[in-house]
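Let's have the full structure, built from the sequences with the hints guiding it.
As given, the protein sequences belong to chains A and B, one line each in that order. When we follow our numbering, the leftmost residue of the first sequence carries the number 30, and every step to the right adds one. When we follow our numbering, the leftmost residue of the second sequence carries the number 5, and every step to the right adds one.
It should be emphasised that the hints constitute simulated quantities derived from the structure, not laboratory data. Check each hint, because a few of them may be wrong.
Pairwise CB distance ranges (calculated) [said to hold, decoys possible]:
(1) A83/A / G145/B: 37 to 45 Å
(2) D108/A / Q76/B: 44 to 52 Å
(3) G75/B / S99/A: 42 to 50 Å
(4) D108/A / S85/B: 34 to 42 Å
(5) G145/B / R31/A: 45 to 53 Å
(6) T74/B / T166/A: 44 to 52 Å
(7) M5/B / G141/A: 20 to 28 Å
(8) G145/B / S99/A: 52 to 60 Å
(9) L49/B / T66/A: 20 to 28 Å
(10) R94/A / L118/B: 16 to 24 Å
(11) I167/A / G43/B: 17 to 25 Å
(12) L161/A / V143/B: 27 to 35 Å
If you want the footprint, here are the derived chain B segments under chain A, 3+ residues with CB under 8 Å [claimed, not checked]:
(13) 15-27
(14) 39-49
(15) 58-71
(16) 91-104
(17) 122-136
Beta carbons are placed, not taken as given, at the ideal position from N, Cα and C, and that holds for glycine.
Given next are the chains, with one letter for each unit.
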Amino acid sequence: MRLLSAFAIGLVFGCGILISGMGNPAKVMNFFDVAGTWDPSLAFVMGGALLVTAIGYRLVFKMDRPAFSSTFSLPTKQDLDVKLIGGSAIFGIGWGMTGFCPGGLVPVLGLGLGEPLLTGAAIVAGMLAARLATRMTIKEQPAGA
Amino acid sequence: MTNFTPFLSLGGGLLIGLATVALMASHGRIAGINGIVNGLLTTRLSPDWAWRFAFLAGMIASPLILLGATGQLPQISIPSSPLLLVIGGFLTGVGTTLGSGCTSGHGVCGMSRLSVRSIAATLTFMAMAGMTVFLIRHVFGG
Numbered sequence: 030m031r032l033l034s035a036f037a038i039g040l041v042f043g044c045g046i047l048i049s050g051m052g053n054p055a056k057v058m059n060f061f062d063v064a065g066t067w068d069p070s071l072a073f074v075m076g077g078a079l080l081v082t083a084i085g086y087r088l089v090f091k092m093d094r095p096a097f098s099s100t101f102s103l104p105t106k107q108d109l110d111v112k113l114i115g116g117s118a119i120f121g122i123g124w125g126m127t128g129f130c131p132g133g134l135v136p137v138l139g140l141g142l143g144e145p146l147l148t149g150a151a152i153v154a155g156m157l158a159a160r161l162a163t164r165m166t167i168k169e170q171p172a173g174a
Numbered sequence: 005m006t007n008f009t010p011f012l013s014l015g016g017g018l019l020i021g022l023a024t025v026a027l028m029a030s031h032g033r034i035a036g037i038n039g040i041v042n043g044l045l046t047t048r049l050s051p052d053w054a055w056r057f058a059f060l061a062g063m064i065a066s067p068l069i070l071l072g073a074t075g076q077l078p079q080i081s082i083p084s085s086p087l088l089l090v091i092g093g094f095l096t097g098v099g100t101t102l103g104s105g106c107t108s109g110h111g112v113c114g115m116s117r118l119s120v121r122s123i124a125a126t127l128t129f130m131a132m133a134g135m136t137v138f139l140i141r142h143v144f145g146g
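Shown next, in the form of C-alpha cells:
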C-alpha cells in the first residue's frame, strides 16, 4: 500500500509535468525567452502548483504524522550560503542550456527517446561529481563549517 | 514557437501541487526530484530506496497513462544539440546537488512554505536560466 501510493503519486506528478509543458524543452526555453518567442505558459504551472501546495501543506501539517511514516521530513536550514546560491546559479545555467529540469526530465524518460536519456545520464554524473567534490572538501577541512 | 497554453499549464500545475501535497500527507516527504534521485545514489542499501524508486517509476510510467487517456503520446521538441544537453545536464546535476534542490524542491515545495532559502534559490536559478537562454538565442545565435 505504501509503495503503491508512492507509485500512484509519481504517476499524478508525471502527468502534471507532461500536461503542463514542463517536460517540453522548447516550451521551457520559450518561457525564458522574453526577448524572442516568449511563451508565458509556465507561469501558470508554477502558479497552480504553488496554490495547491500552499493550501494543502497547511492542512497536512495539522495531521499528527503522515499516513505511512512517523514524522514529516522537512529541511531545517534557514540561512543563505554560498553553496545554495552558487549551486542554484549553476543549475540555472544548465537548465537554460537544455530546457530540462530534473522533474521535467523524468516523465519524458518514459517516451524512450535517446536525447532525454543522454541528458539524464549527464545529470546523474553531475550529481555524483558534486557529492564527491563536497566529500573531499569536508575531508580537507575537518574543522570547517 | 510554442503555443500559449494557460489552461493546460494551469491544470498540469494543479496536478503537480496535488501530488506534492499527497506525498507529504502519505510519506512525509518533500516532492523534490533532485532530492529523491540523490537519495537513490547511495552505495549502502537503504529501506528508504523503495518509495523513491516507486515514485520515480510512477513518473516514468506517466506517458502511458496519457497515451491511454488521449490516444497519443505528449509531443516534445528538444532545441539543443547533444553536446549542449550533456554539458547542461552535467551542470544541472552539479547545481541542484550543491544547491540542495531544483524547480520542484525549491520552486514548489520550499516556496509554498515561504522558505527564505528556497525563494533565494528559485530567484537565482530562474534568473540564470533566463540569462543563459538569452545568450544562446540572441548573442551566440543558436
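For this session: Sort out which numbered hints this structure fails and list those numbers smallest first.
Result: Hint 9 contradicted; others consistent.
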